[in-house]
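Chemist: Each chain, letter by letter, is given below.
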Amino acid sequence: MRFAVLMLIGFSAPTLAAELNIKLEVPRLDVAEYHRPYIAVWVENQDQSTATHLAVWYQTESKKEDGTQWLKDLRQWWRRGGRELEMPVDGVTGATRPVGVHSLSFKSTDKQLAKLAPGKYNLVVEATREVGGRELLRVPFEWPGTQKQQASANGKTELGAVTLNVTP
Amino acid sequence: MKTALRAVALTAALLAPLASHAHKAWLLPSSTVSTVDQWITVDAAVSNDLFYFNHVPLRIDALVITAPDGSKVAPENVSTGKYRSVFDLQLKQNGTYKVAILNQGLFANYEENGARKRWRGTAEKFATEVPANAKGLEVNESVGRIETFVTAGKPSEAALKPSNVGLELIPVTHPNDLYAGEASKFRFLLDGKPAANLDVVLQAGGTRYRNEQEQQKLKTDANGELAVTWPNPGMYWLESSLQDQKTSVKQAKQRRVSYVATFEVLPQ
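As you go down the protein sequences, you meet chains P and U in turn. Mind the numbering: the first sequence is residues 3 to 170 in the working numbering, read in order. Mind the numbering: the second sequence is residues 14 to 281 in the working numbering, read in order.
In short, the hints are calculated from the structure, not lab data. All the given hints hold, so there is nothing to weed out.
Here are the computed distance ranges between Cβ atoms for each label pair:
# : chain 1 : residue 1 : chain 2 : residue 2 : range
1 : U       : L231      : P       : W72       : 34 to 42 Å
2 : U       : A171      : P       : Y36       : 37 to 45 Å
3 : U       : G219      : P       : A34       : 28 to 36 Å
4 : P       : G134      : U       : D82       : 32 to 40 Å
5 : P       : N47       : U       : G219      : 34 to 42 Å
6 : P       : V133      : U       : K206      : 49 to 57 Å
7 : P       : L31       : U       : I183      : 39 to 47 Å
Pairs of lysine-lysine, DSSO-like flavour, derived with a Cα cap of 27 Å:
#  : chain 1 : residue 1 : chain 2 : residue 2
8  : U       : K85       : U       : K138
9  : P       : K65       : U       : K105
10 : P       : K113      : U       : K167
11 : U       : K105      : P       : K66
12 : U       : K167      : P       : K117
The C-beta atom is built at its ideal place from N, Cα and C for all residues, glycine as well.
Extracted from the complex, chain P is given alone in its bound form (with noise of 0.2 Å):
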């Protein structure tokens, strides 16, 4: 009987989520004639495979040229499994992000989250830029961990700085 009760308790205690927390610098380049940049970002199991998309910014505006187009310049990213998806991807995809820092917020219930296994993995951030150049990042983090995770990278080109927080 004292047993049963436990276990109830054990059900209907509350759980914390584990978040990772993404702040993404799009950097102000002096150029003549800047196109906000592709930016692609991922989970990347230790293989180099991919655990997760969290993010891909393109040109989604109708009235313009299609900007699927220009995906496959995000060359890392479309051979890791960008090539696979079917745009628009719900909670991952959306129009490019103008100069400045940019928060990514996911916790472990979220669905781009949801699936991935305890482990080490590396961040990904790759960006390209039209008439520009192209950068990739990688940030090694451990998910979830067993304490607080702070880590960055910083870009020489095309991007800022990637910090990366996780909380277990």
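Following the hints, put chain U in place on chain P, whose structure we already have.
Modeler: Just chain U, lined up with the frame of chain P:
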């Protein structure tokens, strides 16, 4: 003796355009990694230098484009100029297209009424078009493929299914999944069977801008597999050829088999 020598010389001359190692034949696609509904344009040329048009166009009468679903697609906006043939292709399906020129046939020459006659055609037409008792009959056979591959979206393999005639390449690594610094593997088949110990030549484009040909001489292993590590991104030309006696008609003494492919290697 004299007649025999003349016959050999004639045969050699007939075969020269095909057997010539002096010029490379190739297809050059504008892209190999693309998206559905996008177009590519392909150049076809015969030239010593990779990948520069400076000699003659490659005729594309025998062009066969295989779509991801296995169906055949016609090229568009075809033209043949001084140095190259060009055509466009819209990638209406998701998956991998195989763009290939297949030249397969017999070449015969014989004596008729004191004159030397030449004939070229298929094995099927040989029996009816070439006199059975032709004098001084010399027959040679050739099976040659010139290919390239382009993928819209996710790579697929249906279009890469071998026909089991001549030299063919089938993926271990998909031909549109090639990246600088990585190792790739291809399997070569000869008439559908693994082509072991096959000599293969691999060369990167951009020959104009360097001092050496930098041609890699490779060999397939006992399973007909070839391992390649790509030093740099860019377009690469691959060629393999051999001669054997596996002819389609008994009058043909030998068969020349060749395979050429153009690959695009992307940067990391």
